[in-house]
Structure formats: C-alpha cells, structure tokens
Amino acid sequence: MLFIVVTILALAATLLGLAFHRFWTTRPEAKATILYAEIVRMFFAWLALRTVQMSRRASPRAWWAYAKGLPLWREPVLEKWLLAVLYGSFLYLAASGFFFAVFIPRGLFGYPLVGHVAAGGLFAVCLTIVVLFKGRDFVTVPKPASLSLSLLDPRKMGLTPARVRLWAFWLFAAAGFVLILSALLPMLRLLRTAGQREMFELHRYSALVSIVAAMVFAGLELFKRPRPPAA
Amino acid sequence: MSGVGRTSFGAAWALAAVLLFAAGAAAQTTAPGPAEPQTRKNAAWDGNRTLPVHLLPLRDENDEPIIPTETDPLPYSARFTCGPCHNYEAIKGGWHFGAMTAKASGRPGEPWLEFDPKTGTILPLSYRKWPGLYDPKAAGLTAWDFTLLFGRDLPGGGPAEPSEEEVLAEPKARWNVSGKAEVDCLACHNRSGRQDHSEWAKQILRENLRWAATAASGLGEVGGMASRLKETWDVYEGPNLDDREWAVAPSVEYKPADFDSKHRYFFDLDYQPSDDRCLVCHSVTPKDAERWRTDMDVHAAAGLKCTDCHRNDIRHLMIRGYEGEAREIGDPSAASFTCRGCHLGEDASGAKTVVPGRLGAPYPKHTGLPLVHFKRLACTVCHSGPKPREGFTRVRTSRANRLGVYGVATWSTDLPAIIEPVYARNGGRKIAPQRLVWPAFWGRRADQTIVPLRPAEVVAAAGDVLEPESHIGQVLIALSQVMAEGETPVLTAGRFIFVPNVDGGIDAADNPGSKAGAPAVWGISKNGAIAPLVPDFDPAAEDKDPAIEARLQEFLQALGTVPAKPGEPVIVVRKTLYRFVNGYLDISEAPAGLVGASGPGWLVRDRSTPLVADFDVRTVTAKAGTEQTLTEEQVSLVLGALAKTGANGRPLYVSGGRLFELDKAGKLASRNDPAAEPVTWPLAHDVRPAQQSLGWNGCTDCHSGASDLFFDTIKGAGPLLTKSVAKRSAASFMGLGGLFQRVFGLSFIVRPALKIVLGICGVIAGALLLLAGLVALGRVAGFMEKR
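Top line first, the protein sequences correspond to chains A and B.
Counting from 1 along the first sequence, just add 8 to a position and that's the residue number in this note's numbering.
Counting from 1 along the second sequence, just add 56 to a position and that's the residue number in this note's numbering.
To be clear, the hints were calculated from the coordinates, so they are not data collected in a lab.
What you are looking at is a predicted structure, and each value in this text was computed from that prediction instead of being measured.
Where a beta carbon is used, it is the ideal one built from N, C-alpha and C, also for glycine.
As a list, the in silico DMTMM-like pairs of lysine to aspartate or glutamate whose alpha-carbon atoms are at most 20 Å apart:
1) B:Lys286 - B:Asp201
2) B:Lys571 - B:Asp670
3) B:Lys174 - B:Glu523
4) B:Lys318 - B:Asp119
5) B:Lys720 - B:Glu688
6) B:Lys631 - B:Asp601
7) B:Lys621 - B:Asp662
8) B:Lys421 - A:Glu206
9) B:Lys431 - A:Glu209
10) B:Lys408 - A:Glu206
11) B:Lys408 - A:Glu209
12) B:Lys486 - B:Glu384
13) B:Lys600 - B:Glu610
14) B:Lys431 - A:Glu206
15) B:Lys343 - B:Asp742
Derived DEER-like restraints, expressed as beta-carbon distance ranges:
16) A:Phe11 - B:Asp102: 52 to 62 Å
17) A:Tyr119 - B:Val555: 56 to 66 Å
18) A:Thr59 - B:Ala823: 40 to 50 Å
19) B:Ala823 - A:Val85: 26 to 36 Å
20) B:Gly149 - A:Tyr119: 47 to 57 Å
21) A:Gly118 - B:Val555: 56 to 66 Å
22) A:Gly118 - B:Gly406: 19 to 29 Å
23) B:Asp332 - A:Phe11: 50 to 60 Å
24) A:Gly118 - B:Asp102: 58 to 68 Å
25) A:Ala170 - B:Ala823: 22 to 32 Å
26) B:Val806 - A:Ile16: 30 to 40 Å
Please construct the entire structure, taking both the sequences and the accompanying hints into account.
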C-alpha cells in the first residue's frame, strides 16, 4: 500500500514539476507577478487549458505521427534499433510492472510476467550498451568545489535544465543497474526469504526512481528541441 | 515531586509491560484455548510434569465397582472409571468424538468411505460439513449403521454412543443388545503393548460395543457375539442358557492377577499418546510399498511425537495445525503449531506474531526461493507426501482400506483407490497437496437433488445381476466337496481360470495358452494341469472305466447342494444322460431336448441349461484381472431394475468421475456432473527432509515443459469397468492454465542464459557507473582538472 501511495505521489509530482517547468520557461505571464498564489492560479489555468487542447488533438493517428517524428528514427541503423528496443522494453516494463503493482492485488503474474522477464533481459543489454557507448556524452565537467556555505544554496548550485537532464540520465542508469541487480540476485541461491523480500522492495522502488528519471529526462529532452512538424 | 512522579509512572509502565509480556508468553506456551473450568470433581494439573500412577478401581456402566472374581462381571466403563478425575462430558465433544455435534467443521479432512464392492459403492461420508461429502443421515445411515460400518476406526463416543433419545429413534438398531461404545480413553492413552486395535475391530464386528474397550485394552478377555443374540436379549440376562455354541452372549473374564487386593487395576498410560496409537487409524502408505523402504516423517525421526504438535486440553479439541485454524477456533496460540508458525514465527497473514522454534524447530533458509511461493503455496506442497510423479502415487489409508486389522482373515482392501499428491486450492486459497478419491454410488435424482441409495436397496432391486461371482463360486464350492486331495474345481473362460476362495466368491488368474474368446469349461486343477470336469468317454463302451461314472455321481451329488439351483443337476455325455435319483446314479438316453448338450448342467423343463449363465461368465471374464467390480452391462440392467421399483427419482450410477443413466432408448449414457466430481482433502504428512523437498534441485523440479506437478493427467477411477471416465489435468485442480504453465516451464530452459546476460550487464553497467561516479567525485574534489 505504501508503495502505491509513493508511486502515485512521485509520478504526479514529476508530471506537475515538468509541466510547471514548461509553464515557467514558455509562458510570459508566469513572470508577470511575484505572488505565489497568482502564479499557482495561472499555472493550473494553463495546465487545464493545455490538457483540454492536447486531449482534443490526441488520436491514434496523431500519436503515430508524433512517434514517427521522433529524432530516434533519424539515427544510424544500429543506434536506432538499440534505442528503439531500450525505449520499447522500458515502456513495457514500466507499464506492466506499475499497472499490476497499483491495480492488481496479486501483483504481476501470468503471461505479462513472462513478458516482463523477457523485456527485462532486453532492457539490461540495451542499457549497458547505451551507458558504455553514450555515457561519455553525459559526463559533466564540474568545477572543483570550494568549501563554503554557498554549497548549500540552491540558487548557486547551477541547477540548469541541461544539468538536470544529465543527472537524470545517470540516475536512470544507476536505477537500471539496481534493477538488474535486484532481478538477478533473487534468481541465484544467495538470498534467504528476508533478502528476497528486500530485493523485491528494492526492485520496485528502483523501478520508480528509473521511471521518474526517465520522465524528467524525456520531458527536458522534448522541450529543448523544436516541435515536430504537424502530420 | 514531579521527578518522583515521572519515575513512579515509568516504573508502573515497565511493570505493566513485563506483566503483559509474561501474560503473552504464557498464552503462547500453555495449552490452547481458554482454560477448562475445573470442578472439584475433576483433577487439575498441579504443575508437576510427571504422570500420576493410575492404580484405579474399575467401574462398570452402572457406576458399580467391578470385582474381577465375581460371576459375569460387566465390562469396564471409561465414563465411570476415568470420569471421576477427567471431565467425560467435555471429552465427548472432542475432535475424535464430536463430529455429530461440532459447530464448526474446520479444514476438510479424510472422509469416511463406505466401500461395498458388490454394488460398486464408494460413498464419501462425514458428519462434518465438508464439500463433496454426504451427511450419513441424508445417505440413509443411522448412528447404528455408521457404527457398524466404521466403528473399527472409531475410538468410541460420537455415533457409537448415542443419547437415549437417539436410541429410541432407531427402533431397528440393536443398542439394547450391544450396548454403547463409550469414548475409549485407552485406545489412545494406553501405553501397554496389549492394546489391540484388531481386537477392537473384531468386537465391533460382533456388535459387542460395550465390551470392545475392555477386550481391546487387554483388561479382560471377552467372548460371545451380541450380533447372534435375539434383539430382546439384555446384558442383565447374563449367559444365553439356550445356546452355548452359536448364540453365545458376550461376557468378560478379568485376570485376577492384574488386580491388587483392593481390586484396583494398574493402567499403564501415556499423557501424550504414542505415535503408534495415532497411526492405528491415521496410517497412509503407498500401495504395494515395501515396509523396509519406507521412511518416517522427519518430525518423528527428530524425536517428536504426533501430539507434540497436535495438542489438546481436556476438551480434546485437537490442534490440527493448518493456517487459519487459530482464527477459526479463536485461539491465537494455535498459530504456532502450523508449519509456518513453528518454523517461521508467522501467523496466517504473515505477521511475525508467533513464537517460533517450538521444540527446536529450525528456521528454514529457503535461499533463492521467490516470495510468490509463500503467498500461493502451502508449505506442504514442497515438503509433504510423495513427490509428484506420472500417474500419481496410489496410497492406502487405515480408515479407507482397513489397514492395521490383523488376524486370520485379510481385512485390508486395495479399493477405494486414493491418489496423492493432487495439488489443489484449499479453503485458504493456497495451493496444497491433497488426497483424492472418486466417489461411486447408486442414487436417484429428484428435483435436481441426488440422493445416494443404500447398497442393500440396490442389491434387492438388482436380483441376480450383481451375483455372477457368487453363482460361479457356489458351483465351485459345491464341487470342492468331492475333490480329491490336491484337486481344485475350476472354471476356465477366456484368458482366465477361476477358482473358489474362502469368502464364497472366486479368484481369477491368467490361464496360460488360452485365448480371449475361449468358451467356459468346468475343470479340475491338479498340480498345475487342468483336466475337464467330465472327461470325454463313450458311455456305451463295454470297457469303460467304472471309476468315471462313480465320479460323475459324486459331482451330481455335490451339485445338488448348490443353493437356489434352477433345476436338477444332470451330466450329458454324448447321448447319455446322468442323473442322481434317490441316492443312485441314473443313466438313461438323453431325451430329444438334450440332444446337442454336453457336460454338466441343470435340467429345466426337459432342457439342459449351463451351470452358470452366459451373462455370469461374460461378466466375470470381463472383470478378471482388473480392480473393477461392475460392467456396463450390469449397470444398465441394475438401472433398469431400479427404474421398475416405482420409487421416486430417476436412478443413476456414479463412477470414475461420470454419471451414468439410461437414455430414452434404454441405453447407458454418461455425462459429467458435480456429483461425480472427486473428493479431495489436504495431506500434511509424511514431511520429507529438506533435501527431498521440491525445489532443492532448482526451479525445474516443478517448472519445466514436462512437469508432473502441472501436466500429469488424472483419470477417473471407480468400480465400473468402462472407458467413459473423467480426465483432468493436474493444473486444473490448481485453477491454473496448463498452456501458460507449459510456456512458463519452457522459459526455464533459457533462464540460465538470462542470468549470465544479466550478470554481465550488471558488471559492466556497475563498473561504468562506478567510474563515472569516481570521475565526478574527482572533479568535485579537484583531483582531476581535465578530461
């Protein structure tokens, strides 16, 4: 039950956070006032409007056009399919895992479970390759830190969208690593019942972290580039 | 002041906590349930762990002292001998005695199986409300009938000790002659090696109910048979002076040497009954198992007794040890006597609220076992009973197959066929190994309700249809009277040879060299060779052997003793008719009606008919070499006969998971029906050692494309010889899809590769993350300035 609550809250917070980032960086009225209550009111008004607009535009054809317009398909063939499998397997893992965890009391079982295990293998391979060959693109070059109270000041931490995106990548990779570990270890004759239980919880929460990281990464990635041409 | 106040308050809290803890601990370690109110009459435990010496005066059912040397003493009564110290009325409601009056039934247990081979009846019965079972009352069984049927495995009490109102309500019962079988304390608590279950079974068979406990415990020697006495006989009449040979009244003779000078008897008792006493009625053994190859339950091997876990207070409400029982009986301490409670310290919900490790129970490692197994499976799935294997394991149980009754006669039976382990969901929704039996019975359907018929009712309606074995047996037994030493009369038919047995029936054996369609021939077996009963000779020949005709005379004499013979016995040889008339062999020319006849037969309306009907030969030949006791032809005929009786409801027969009825054309038709569904009940023992548990060798012990646990097929078994039987997959009992389990099982072929792939990915990803982390750390710390 705790996991369900944490999951719903975490996903909602991430979505709202991304939406607010979009609102704050794209809407001129966001900075027209310094009153928090006014900003919140305008944000939710904008959010409601955008939700209605997007739902009106949403259709299988529009989604298909959107998917076709992703830059992924313009990558070299090997990279294209690597990323396609990574995204596909991750989407299935997240969908099956969280749907059963939240809505089905029995948890994941049956054919979806078999698919989950198979997709997990694919995801692990693709993630490892991506980290191995693409990780270097996400290595930041921070300045050496000086010991001062400014380290604790968020405004001086340099929390730019680009940096958050980089950290989201590494958080996703780290969570993916924990997911691999927490899937592998219970399959080995190492852990007793308590260890199995811990691994199970670790798997769920690292999955939650990975999906939050993925949402942040994808959100920031999508916002930074121009919109795809209309279908 | 305030400081003092806080200290006092804290101390009070600490004291309360200690008391609460102590109370909780006591609740976990003492006997379950609310304490039995001890009246002054009943003994209360003073805390000493020794057992008092039970040197007691015996008392009879009238609460009179028994003087062993007096004439015609009555048998001892547990109610009045044990009752002064132990609350007999409380004990009467115990698990073993109180099925008729119990408010709750608990988890299903082994049913009483009424087995009647002649009518092909295997009817699962219980006074408890368990699914698939018939209430004995609804099935037409009175307490008296039930006691005679199953009393051999009843420890007295319950139906064997009805109230006076119930006695009066059963006018046909013979309680007045037999007395009641009181709760037999000694059946369980007697430590003496003289405690004899076979003697108990024998006394019940003789209807010596009130004498059974005395005889079985060895307190006294019991003679006579109440079953042979008139229904007007009363125990106070004493010996039957009219008959000292046959209808001898039951009596008991005590051995004065066993008593002291005050007429007190020493009872050698166990507070906790020994396992032998439990196993008398609770043995389960694979059919055809060799004793020296069988192992005992690991708990017994570790030195535990059955009653270490299956405990009870004076109410004798045994802890049965299943998950959820504690909630059902309202006693939380019972949770520590389940597998899970004792070994893991968890209650049915998984909460760690139970005192674990009783009597040194080890904490299991279960390394590598996914958690879902604990959610979905009972512990017994992996740890108890025989391992799943193709065709399942056929077992025999004490109660169903009459094991443990020793003597000249063989009491044990192969039927009913019980198989295990069938994995099915139990009431707690967990999958657990079960024993399974297919019901078989005759019944009538009226208003969508099926009411089983009593075997006697079926026999009465069936006439001779159910008697083929008896008919052939009667002829063979009659002929046995005139056989020379080493000779045995036989009937050969088809591939079989039939010989008489001591029960008045016949036994079948393979007849080497014969063919399936070979005709029936009466013969004599001697030294392994079979000669025709009537040799081929020429009666008209002058040099014929006179001994042959002398033998024929003996045969005719013997056949004349066959009960219910249809006519006069005759033997036709060529055109000569042999008869036995007025003590002499009558030889005459066969009349026209007998032309073509040959061999022995019955003369009926000037025609010779075979000694037994073709139907009889056909029936016994079809069933020979099988366990089945009925053919489809017999079932058709009996259903037809039952339909003609005029009783309400359409007659039917259930066997092998199918329900048989006559269709509109009068042909036998079968179909599935809930009444034909198998009956299952969970098994818990024998518990195997950890190394023999499922999963010890890995996941593929159960999860493989050819797993017996999931994919074995259960075929309906029953007394009817038919191809129309139910077929169920093992997975169907678990409520699981067979296809998915096969796919899932096959996935374990690639599971090792998946582990390797995940391992490699984990190592590489982990190394890269570590490196990236170190690089970032180095830069933040200023150790690394540039790439």
